[in-house]
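*Asks:* One-letter residues, chain by chain:
Protein chains: 6
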Amino acid sequence: MRILLINPNTSQVLTDKLDRAARAVLPPDVELVSVTAEEGFPYISSRAEAACAGVGVLDVLARRGAEVDAAVIAAFGDPGLLPAREAFDLPVTGMTEASMLSACMLGQRFAFVTFTPRMAPWYNEQVRQAELSARFAGTFTPDVPLGNIGEIDSDLRGPLVAECHRAVAAGADVLILSGAPLAGMAPSLRTEVDAVLIDPVQAAVLQAAALVRLAPLGASGGSYRRPPGKPSTGLPAALAKHIARDE
Amino acid sequence: MRILLINPNTSQVLTDKLDRAARAVLPPDVELVSVTAEEGFPYISSRAEAACAGVGVLDVLARRGAEVDAAVIAAFGDPGLLPAREAFDLPVTGMTEASMLSACMLGQRFAFVTFTPRMAPWYNEQVRQAELSARFAGTFTPDVPLGNIGEIDSDLRGPLVAECHRAVAAGADVLILSGAPLAGMAPSLRTEVDAVLIDPVQAAVLQAAALVRLAPLGASGGSYRRPPGKPSTGLPAALAKHIARDE
Amino acid sequence: MRILLINPNTSQVLTDKLDRAARAVLPPDVELVSVTAEEGFPYISSRAEAACAGVGVLDVLARRGAEVDAAVIAAFGDPGLLPAREAFDLPVTGMTEASMLSACMLGQRFAFVTFTPRMAPWYNEQVRQAELSARFAGTFTPDVPLGNIGEIDSDLRGPLVAECHRAVAAGADVLILSGAPLAGMAPSLRTEVDAVLIDPVQAAVLQAAALVRLAPLGASGGSYRRPPGKPSTGLPAALAKHIARDE
Amino acid sequence: MRILLINPNTSQVLTDKLDRAARAVLPPDVELVSVTAEEGFPYISSRAEAACAGVGVLDVLARRGAEVDAAVIAAFGDPGLLPAREAFDLPVTGMTEASMLSACMLGQRFAFVTFTPRMAPWYNEQVRQAELSARFAGTFTPDVPLGNIGEIDSDLRGPLVAECHRAVAAGADVLILSGAPLAGMAPSLRTEVDAVLIDPVQAAVLQAAALVRLAPLGASGGSYRRPPGKPSTGLPAALAKHIARDE
Amino acid sequence: MRILLINPNTSQVLTDKLDRAARAVLPPDVELVSVTAEEGFPYISSRAEAACAGVGVLDVLARRGAEVDAAVIAAFGDPGLLPAREAFDLPVTGMTEASMLSACMLGQRFAFVTFTPRMAPWYNEQVRQAELSARFAGTFTPDVPLGNIGEIDSDLRGPLVAECHRAVAAGADVLILSGAPLAGMAPSLRTEVDAVLIDPVQAAVLQAAALVRLAPLGASGGSYRRPPGKPSTGLPAALAKHIARDE
Amino acid sequence: MRILLINPNTSQVLTDKLDRAARAVLPPDVELVSVTAEEGFPYISSRAEAACAGVGVLDVLARRGAEVDAAVIAAFGDPGLLPAREAFDLPVTGMTEASMLSACMLGQRFAFVTFTPRMAPWYNEQVRQAELSARFAGTFTPDVPLGNIGEIDSDLRGPLVAECHRAVAAGADVLILSGAPLAGMAPSLRTEVDAVLIDPVQAAVLQAAALVRLAPLGASGGSYRRPPGKPSTGLPAALAKHIARDE
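Chains as they are written, first to last, in the working numbering: chain U, -14 to 232; chain L, -14 to 232; chain E, -14 to 232; chain X, -14 to 232; chain V, -14 to 232; chain D, -14 to 232.
Just so you know, the hints here were simulated from the structure itself, not pulled from any lab data. Keep in mind that the hints are not guaranteed to be accurate.
All copies of an identical chain are treated as equivalent in the list; a pair is satisfied when it fits inside any one copy or across any two copies.
[Unchecked claim] No more than 20 Å apart at the CA atoms, straight line, and that leaves these computed lysine to aspartate or glutamate pairs for DMTMM-like:
id, residue 1, residue 2
1, Lys215, Asp231
2, Lys215, Glu232
3, Lys226, Glu136
4, Lys226, Asp74
5, Lys226, Asp179
6, Lys215, Glu24
7, Lys226, Glu110
8, Lys215, Asp140
9, Lys226, Glu52
10, Lys215, Asp74
11, Lys215, Glu23
12, Lys226, Glu16
Put together the whole structure using the sequences plus the hints.
*Replies:* Spelled out as structure tokens, the structure:
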């Protein structure tokens, strides 16, 4: 089985981090192919950036989807997730959704712990869209300046642990370390926090692998059934061709 | 006051229809500027198409937003609405959201009546995102082939009236005639249906005008506060410049 | 267009405040007619008082409704709102409902900031009735004694700003300055609070004007359809006549 | 223990029916005092009528509340219930709320079965206000003309049984025979319907008696705590005196 | 009328406490029969313990149910409640459910105040199962060591009062003193807390007595209808016989 | 990795069916150990039966849990699931929960399609407990007599397909073939139904395998943290020993 891990950010350092965290839990028969967005933003942190990145994700899928059995959108906030499911006939998972659903088997209420309040509103919208608000304890972020995006996990370790404790006090019993820069960090916090910790890229890759075995065509029936072909102008070439069903 | 009506579809015939319906209710001090997307799809009808159109909407706002006091996204499903609110400091409304909120002052439960089941899942996601499911009675669509997108309102009049009656029987008391091709149709059905009928482009324009008076900067504080500038690659030039805050 | 602003309290000083705040945002073609309740309470602050005031609102509408195109119930808590919609065929808005729905286009979660905890339970019931709890961040009130009802906005300015900050910390990004005594106060706080501020009487008047253009008969179909005439005893004369449809 | 049963309608025939049904389940130490509204409507069937009746209920409580240990508002729709709880320090129950809460111990989902669609919207608002929508299967009414309000239970027996079956098919397993004219009817239907049948005036009286033993002052603390005295004009004399705390 | 009070714990001291609290509110025609579980745990405080106790409750009902008109499951958390309703044709109430539903007639939002955080997750699941989350303000527990289970009410009085105040500050206006060891404690706190206090075993017994009068067969129709007989192996003899309908 | 599949029913024929369906999707490094309940019911179909079976599941885990990395409760309705998670430190999944959560990545709304209405109320309670009602389209069952429990999938094929179509018409786009007797049936229906079909035992085994990689200790922190040891009487020996932490 081959899984495509799409980093919708343009930072290769994040792709490397995500790839490393994902490989740590890969089932033995799964091959991981990680790609970095060629255009867009070094690190997505607003709704408009996510909207642009979402189209980029669709384009990567149009170019590379045929090579793989499933795809993972590896930016917290899941840019392009629902459109990707509808437009492509293979399982697609996102870091936010996959970690929320996994959390529901490990505790009563999950929280997001992340490094900047800027993304909380966008993340909250994913909870709403998944209709999981009743199991959501909130987003917790330290109020400290960010440094290098590749070093956030070590630079902010202390403040992030403090936020984990705040989330537990607020009723969360599963904590999702949210945002690609925190990929791989969960195991190192397990002894310090009385809650279950989830690494969302791991959740997304594991759910993608599970879906390949459970429903190999992904969301190919029902409300996500692929629409008929349609002409367009101005789209990236591969995406235009895919949407036109000019295959 | 000037309001920008953005048709995210590339069909000028739809822009004309929308512009006409909107002008029928325009307050006397409002000037309407209607623009048609230059790239994209003749008529958006899937999530991937909406995702692409959303970026187009942001680009139009980057190019034309400074000329106006508010903007209306004139495709049912509101592509780009939440990103636009965050990225721009002026009121922005969408046809779906504005008609749902207006409906809440006119009845207990609203329904969407539209011409094709293909868009229902996408529309339903807007209800969820607005957290208005408790007041939503469903999407009702006839099961008949579409003809010319510009003539749907007359071609499908009978089947649409039948769906209105089905929606009423299912508990809806406000019916939203959903989709740009139905713009302007509501008044002609008022005598045939025992419910309140809403034309969503009218709702969107009226709400935009109201917001200009109530909160001239739009969602400029709180969770939609405009983010700091950020460099990008591959975006339409005006949008890249706007997001970079290179103004 | 003529809009009737009904102050269900008997304090003329509040009517003046409400009238002034409403006029600040009036569209150019709207004439405002403000009336003060002749009987009832100087300032409504409990559920029983609101129940009595609600009947007074219906009576004002029976006496004056025919002169106008829409009506605004200008007491936070919206006494008589749903009965008024059913009994009269013109758009009717209330300060609470109109500000909540407007808030949904300006942020993710709204809060009420007001001057006394006594009214919070009654206000909360309006949120429930509108099924908007999922977007509600709570009611925030200072714990200080009230002085003169006409001077609350200046006397309690400091404590109210502090409550605005508490509401933001609790996740609200739109703040509704609740209660007629705070009418007109919102603009002066805008520089001090990182959230969108709404003046509810302005929201109510603007929504009433929008509804006149969108649905001139108001909630005249569906669940609010006016019932057949019915005899009564003991009601105010005009209201009895209206309910009897003895017109 | 003495319980005051307030019929907010002016029809003595309904009071007799309600009194009879209530007495059939009265605990041995409970004395029932039934009173009929002196002013208002023969039979409440709209929101405005309910609003007027609600004030009448408060006035009856002001005049007679001191004689009893608890009160029951005996019109389906519970006019004046929440104001009565706040304004008076004794347990107060309503037919709708009491039957819904009792239903939650007898099944998963309850439905209202009643004789006219006119009241469904008002009844639905009580479900919303109680936040019990998740356990509500809807309101079911036959589409037949009403005859004499005192004979509805026998005149419409067949159509009502048919609606009971419809409600069961829609997922309800507890049926509340709604509206004072159906008081006393439940037992006679028990053999014909595969669901639990509830007579709401019985539920209301039994809950009132239970509350007297459980919390003799009713909702006297918390959000329903009785407010300080306040002057008024134009209210019925006893009610004005009670609200003024001029006791 | 005879009511069976089943203490699913094996501590006779708790049965005595529960029996005493229940008798304080018993209607004059009700006879109370209290039994203590013969097997299981001295005091249930986890989900697995509750699961085991639930089967014990069913067995007591199989052995003693025929002697009584209704039964009360007298452990907070209601072990075995829904199975008991389905398997037996008499009203069955539980302390958690009965106190929550009673609370809905006495305030807007209830809280549980109890003596140890260990049981909060299990209690929360009962709120969810009853679909009452919208009226739930949380579980509040002091962070102090427990002493003798029979003396908790006096040993922890101070810390419990402090938790009552915390619950009120969090928006609760009805406080349910949760857990059998707190039975009988509510009245003594009434002067110290500005909220309504409920003793859950009293609520459960009163609701059971009310249901006997309202629906003597309990949940005998609908979704709780008793299933046909079925053979089993390994069950307690009386329960096996009851489930086999070998009566 | 070793996974324990626990069939809480005593029918070996069902264990064989479940084992076969599970093996069809097993990752290459997973060894499956299937056990059949030694005591209880041939086929669980009521809440009391599920309650008894839940204790049996805990006992199997006490006896066999140490040999494996995760466990699957293989009866639709998930008897004992939440207690098992709390009492044991390894991932535990259930057929209902795992299939619902998987469904959330494959469509907007799931439905249960099963062979008898008797179990619908119990299944519905699992949806409620998981707080997934907003994504649930209902339970659909044919109204035909059951034959041999081991042959239901072939005997009722036609009626089950008809129910699948009914579920789709009601808005479901993922169908969960519910109940152990339908294990293995999903693939054969894929060409006949326009929706995604899920086999719940496959979902449960795949989720268990994913959790072993994501959170090897299962729900060991937070609200499911294993409680301290406690003495008991009357429990199965292994379970008593486990709960006593006498290891």
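*Asks:* Work down the list of hints and note, for each, if the structure agrees.
*Replies:* For each hint, the structure was consulted:
{"no.": "1", "hint": "Lys215 <-> Asp231", "result": "within (9 Å within a copy, 36 Å between copies)"}
{"no.": "2", "hint": "Lys215 <-> Glu232", "result": "within (12 Å within a copy, 36 Å between copies)"}
{"no.": "3", "hint": "Lys226 <-> Glu136", "result": "neither (39 Å within a copy, 28 Å between copies)"}
{"no.": "4", "hint": "Lys226 <-> Asp74", "result": "within (15 Å within a copy, 36 Å between copies)"}
{"no.": "5", "hint": "Lys226 <-> Asp179", "result": "neither (50 Å within a copy, 25 Å between copies)"}
{"no.": "6", "hint": "Lys215 <-> Glu24", "result": "between (25 Å within a copy, 13 Å between copies)"}
{"no.": "7", "hint": "Lys226 <-> Glu110", "result": "neither (31 Å within a copy, 26 Å between copies)"}
{"no.": "8", "hint": "Lys215 <-> Asp140", "result": "neither (48 Å within a copy, 22 Å between copies)"}
{"no.": "9", "hint": "Lys226 <-> Glu52", "result": "within (16 Å within a copy, 35 Å between copies)"}
{"no.": "10", "hint": "Lys215 <-> Asp74", "result": "within (17 Å within a copy, 34 Å between copies)"}
{"no.": "11", "hint": "Lys215 <-> Glu23", "result": "between (25 Å within a copy, 16 Å between copies)"}
{"no.": "12", "hint": "Lys226 <-> Glu16", "result": "neither (27 Å within a copy, 39 Å between copies)"}
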